[in-house]
Amino acid sequence: MLTIAVPKGRVLTAAVELFREAGLTALPGEELEESRRLVIEDEEAGLRLLLAKPWDVPTYVEYGAADLGLAGKDVLLERGKAVAELLDLGIGRCRMICAVPADSNITNLADARLLFPFRVATKYPQIAATFLERQGIAAEIINLHGSVELAPLVGLADGIIDLTETGRTLQENGLRIVADILSVTTRLVANAVLHKVKQDEIDQLVNRLEKAVAARVATQS
Amino acid sequence: MLELDPAASYLRWQTAPGVRDVLPEEATVRRQLEAIIRETLAAAGYQEVETPIFEYEEVIRAGGWLQDETGECGGVVLTGAGSPEVYRFFDREGHTLVLRPDMTTPIARLAATRLASAPRPLRLAYIADVFRYEEVHAGRLRQFRQAGVERIGGAREIDADMEILSLASRLLARLGLFRFRIDIGHAELVRGLIAAGRFGGREARLIRQALRRRDYVLLRELVEQRGEQVGPQDRQVSAARRLLLELPRWRGGFAMLEAARKQLAFLLGDFPQLAAALDDLHALLTRAKEEGLGIYERESSGGGPTQVIALDLGLVRDLGYYTGPVLEGFVPEVGFTLLTGGRYDRLLEQFGSRPEPATGFAIGLERVILARERAGRLR
Numbered sequence: 001m002l003t004i005a006v007p008k009g010r011v012l013t014a015a016v017e018l019f020r021e022a023g024l025t026a027l028p029g030e031e032l033e034e035s036r037r038l039v040i041e042d043e044e045a046g047l048r049l050l051l052a053k054p055w056d057v058p059t060y061v062e063y064g065a066a067d068l069g070l071a072g073k074d075v076l077l078e079r080g081k082a083v084a085e086l087l088d089l090g091i092g093r094c095r096m097i098c099a100v101p102a103d104s105n106i107t108n109l110a111d112a113r114l115l116f117p118f119r120v121a122t123k124y125p126q127i128a129a130t131f132l133e134r135q136g137i138a139a140e141i142i143n144l145h146g147s148v149e150l151a152p153l154v155g156l157a158d159g160i161i162d163l164t165e166t167g168r169t170l171q172e173n174g175l176r177i178v179a180d181i182l183s184v185t186t187r188l189v190a191n192a193v194l195h196k197v198k199q200d201e202i203d204q205l206v207n208r209l210e211k212a213v214a215a216r217v218a219t220q221s
Numbered sequence: 001m002l003e004l005d006p007a008a009s010y011l012r013w014q015t016a017p018g019v020r021d022v023l024p025e026e027a028t029v030r031r032q033l034e035a036i037i038r039e040t041l042a043a044a045g046y047q048e049v050e051t052p053i054f055e056y057e058e059v060i061r062a063g064g065w066l067q068d069e070t071g072e073c074g075g076v077v078l079t080g081a082g083s084p085e086v087y088r089f090f091d092r093e094g095h096t097l098v099l100r101p102d103m104t105t106p107i108a109r110l111a112a113t114r115l116a117s118a119p120r121p122l123r124l125a126y127i128a129d130v131f132r133y134e135e136v137h138a139g140r141l142r143q144f145r146q147a148g149v150e151r152i153g154g155a156r157e158i159d160a161d162m163e164i165l166s167l168a169s170r171l172l173a174r175l176g177l178f179r180f181r182i183d184i185g186h187a188e189l190v191r192g193l194i195a196a197g198r199f200g201g202r203e204a205r206l207i208r209q210a211l212r213r214r215d216y217v218l219l220r221e222l223v224e225q226r227g228e229q230v231g232p233q234d235r236q237v238s239a240a241r242r243l244l245l246e247l248p249r250w251r252g253g254f255a256m257l258e259a260a261r262k263q264l265a266f267l268l269g270d271f272p273q274l275a276a277a278l279d280d281l282h283a284l285l286t287r288a289k290e291e292g293l294g295i296y297e298r299e300s301s302g303g304g305p306t307q308v309i310a311l312d313l314g315l316v317r318d319l320g321y322y323t324g325p326v327l328e329g330f331v332p333e334v335g336f337t338l339l340t341g342g343r344y345d346r347l348l349e350q351f352g353s354r355p356e357p358a359t360g361f362a363i364g365l366e367r368v369i370l371a372r373e374r375a376g377r378l379r
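Residue numbers (this note's numbering), protein chains in the order written: chain A, 1 to 221; chain B, 1 to 379.
Just so you know, not all the hints are guaranteed correct.
[To be verified] Distance windows between CB atoms, simulated:
1) B:Gly94 with A:Arg168: 49 to 57 Å
2) B:Glu58 with A:Leu115: 32 to 40 Å
3) B:Ala255 with A:Thr185: 51 to 59 Å
4) B:Phe254 with A:Thr219: 54 to 62 Å
5) A:Glu31 with B:Arg249: 49 to 57 Å
6) A:Arg20 with B:Leu245: 24 to 32 Å
7) B:Glu50 with A:Ser35: 54 to 62 Å
8) B:Arg226 with A:Ser35: 38 to 46 Å
9) A:Ala214 with B:Gln263: 20 to 28 Å
10) A:Pro125 with B:Pro355: 41 to 49 Å
11) B:Gln263 with A:Ala102: 40 to 48 Å
12) B:Asp279 with A:Asp200: 49 to 57 Å
13) A:Asp200 with B:Leu245: 33 to 41 Å
14) B:Leu141 with A:Thr185: 27 to 35 Å
[Stated by the list, open to error] Just some of the chain B residues that point at chain A, by a computed CB distance under 8 Å:
15) His137
16) Arg214
17) Pro232
18) Arg249
19) Val334
20) Gly335
Read the hints as simulated data drawn from the structure, not as lab findings. Just so it is clear, CB atoms sit at the ideal spot from N, CA and C, and this is done for glycine as well.
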């Protein structure tokens, strides 16, 4: 039996779909999203899913409460937990960007070096601080928990660092991208010790998921 | 409504983040375990030493700490979560001092300086608090207690490696952790394979880092996209790169080791360090078997580890000075490593000493306590 911490929300549906393609489960993804249950067992498949908040998945895995987890690269980098990263699942694809109001004087990131400080609103204070420091920008990081796009509109910040999938939310709120920071996908992570203790089971799951991911890439190209 | 008394002394006088008090009940358990550790290490001929809790910054730096290690992701350089920070401060003369982040570094300094002319092999033991200024991890605060040994100089290497391995397993069993597993990797095997894949400098460092953090997604990205282009005549290089990606899956016992040797055969002529590493691992596994330790074989893996030694060829320890077999011990009940160690033949020379072979291990006391509690509850 493998215990997998999975994030509630859109990624869950996409992940269950991928697991179905890999022949790992027969669970219906959409229904799980509606469900209020926190633990879902698929005895036949030998899987137990823990429905957790996306930000908490690395914690469940680091402490060994779950053998495996599904987490976005953004969350993994921000939380810095010691977990093994086994596979890029290619789902939950988006970009982390830095954006400023369309009418801002800042046309590229280098302009921000002239500001003391460049005030940035973000859900990712660690990533933002490291990234801006390495760009030589004196930044003031304003840590928010959501709707980050609001901050520059009301003068709380000069810009934002956040995720975007299509860029629509940015556009609708009059924001313009000045830097691409990293591309984000959902990763399969494992507890380093449990990965060894249950290595046969986990390797098998990884192999099947790897094939399913490769099959998707093949049909796309 | 829960009412807080603003005058309550426990609200006013708190401990700093990452450190804590140990109350009598736990203190008793800690002293009992320390007594077991002292007795076991002393019986093996290891003499206890103490070193100052802070050192000059350059000593800690010579021990491989404080190197500007950065990771990369999607082309962005980010500070690695795995590069531990230390507590630094100044004395009145303006020297930078560092709270020791491990005991191997101070003991290497000691062995290379005041104990330079002491008879070899030196067998030194310690039980001491170490300090890391980093995010609090599972079972580890910013101040935590390590017990361990260092064996410096002296006899044939494989004897020393075996001495350390067998002491490590004896200690885990004496501490009541009966279902342990110790994984063995080899620093030169990883280095050799990286060299065979024609990675150098920065790329080589990043690949080692990806392996150490078990970030296999990054590993793939680095190996597939960051190597110099090789033509069809360089079949050896592309084959080595493929094996580098396979490395994390090479775990097991004798059977796996033989399979690995066959797969690596085409490289052994040009990269003799690979052959030497495979020989080391084979010798160690053979000796471990002779000493009655169980050897893990994947085919017969039923019910998880019970006092076994296994190979994990993708195992990389965090500090660059490791040169030979490296160890990592754990029990199935807890999701983190209890014991780490390995051979570090390049460290002593950092302190101006002649090059000397050295090997050792450390266990984390708090983690051992957690593992014992967890194992007791589950039994």
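(message) Hints numbered earlier in the text: which of these fail when held up against the supplied structure?
(response) 3, 4, 5, 11, 12, 13 and 17
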